[in-house]
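Which chain is which? The protein sequence lines are Z and A, in order. Read the first sequence against the numbering used here and you will find it ends at 361, with the numbers running on by one and no gaps. Read the second sequence against the numbering used here and you will find it ends at 556, with the numbers running on by one and no gaps.
To be clear, the hints were calculated from the coordinates, so they are not data collected in a lab. Don't take every hint at face value.
[Unchecked claim] Derived, one-sided and incomplete: chain Z residues facing chain A with beta-carbon distance under 8 Å:
no., residue
1, P259
2, P260
3, C264
4, Q297
5, F351
In this text, a Cβ means the ideal position worked out from N, Cα and C, and glycines have one as well.
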Amino acid sequence: DAKTTQPPSMDCAEGRAANLPCNHSTISGNEYVYWYRQIHSQGPQYIIHGLKNNETNEMASLIITEDRKSSTLILPHATLRDTAVYYCIVSRATNKLIFGTGTLLAVQP
Amino acid sequence: DTAVSQTPKYLVTQMGNDKSIKCEQNLGHDTMYWYKQDSKKFLKIMFSYNNKELIINETVPNRFSPKSPDKAHLNLHINSLELGDSAVYFCASSRHEPGLASDEQYFGPGTRLTVT
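With the sequences and hints as input, model every part of the structure.
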């Protein structure tokens, strides 16, 4: 499965949009982009996933570039409860999730 | 109702002991997993079961033995516990048969195992 590269940490002001980037330049055509997050001391939580098209759900939006080599997770109005480690994972199937080090998003009041 | 539950939440034990961690999901999912998160926060898959059958075993020592009595339960038994087994263990489940569809995994709250 393709590797991903994420910044180790980011800050975001409460109420503003949080844009978390992910590079996956070696992604292949049948691999999905998944985003999970892990709030301190809790189990990971699924956020969103996509293949080619942009996706939106009640939690976030996922923007995938046309060449699929990178993506951005957007939390439209970040709250303090969104402070967590965010993992971008590229995989052909849901059972082969390989978690990297992720991005620690700190939402500031 | 909790979707994926684990017991116990905390487990402190001595080296050499044998212990079990239980996991149950009430989502009707076909596939269940065990993950280990070490002190450096790396989260790694250990096992995956689909309909009570082992699908993935990621080179885990044979001291670790998963047991699936039915598709709603996946327990983890650990023999001869070592200091390096100290970690947080997460159970998870997903709907579809592995590899056939994209779908999300639902994680339990974790079991913090401390071996002294």
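Quick rundown of the hints versus the structure:
1. Hint status for P259 of chain Z: violated, given a least beta-carbon distance of 16 Å to chain A, over 8 Å.
2. Because the beta carbon of P260 of chain Z sits about 12 Å from the nearest beta carbon in chain A, more than 8 Å, this interface hint is broken.
3. The restraint placing C264 of chain Z at the interface with chain A is violated, with a minimum CB-CB distance near 21 Å, outside the 8 Å limit.
4. Interface hint status for Q297 of chain Z: upheld, as the beta-carbon distance to the closest one in chain A is roughly 7 Å, under 8 Å.
5. At about 4 Å, the closest approach between the beta carbon of F351 of chain Z and any beta carbon in chain A falls short of 8 Å, and the interface hint on this residue holds.
The structure does not agree with the numbered hints 1, 2 and 3 stated previously, though it agrees with the rest.
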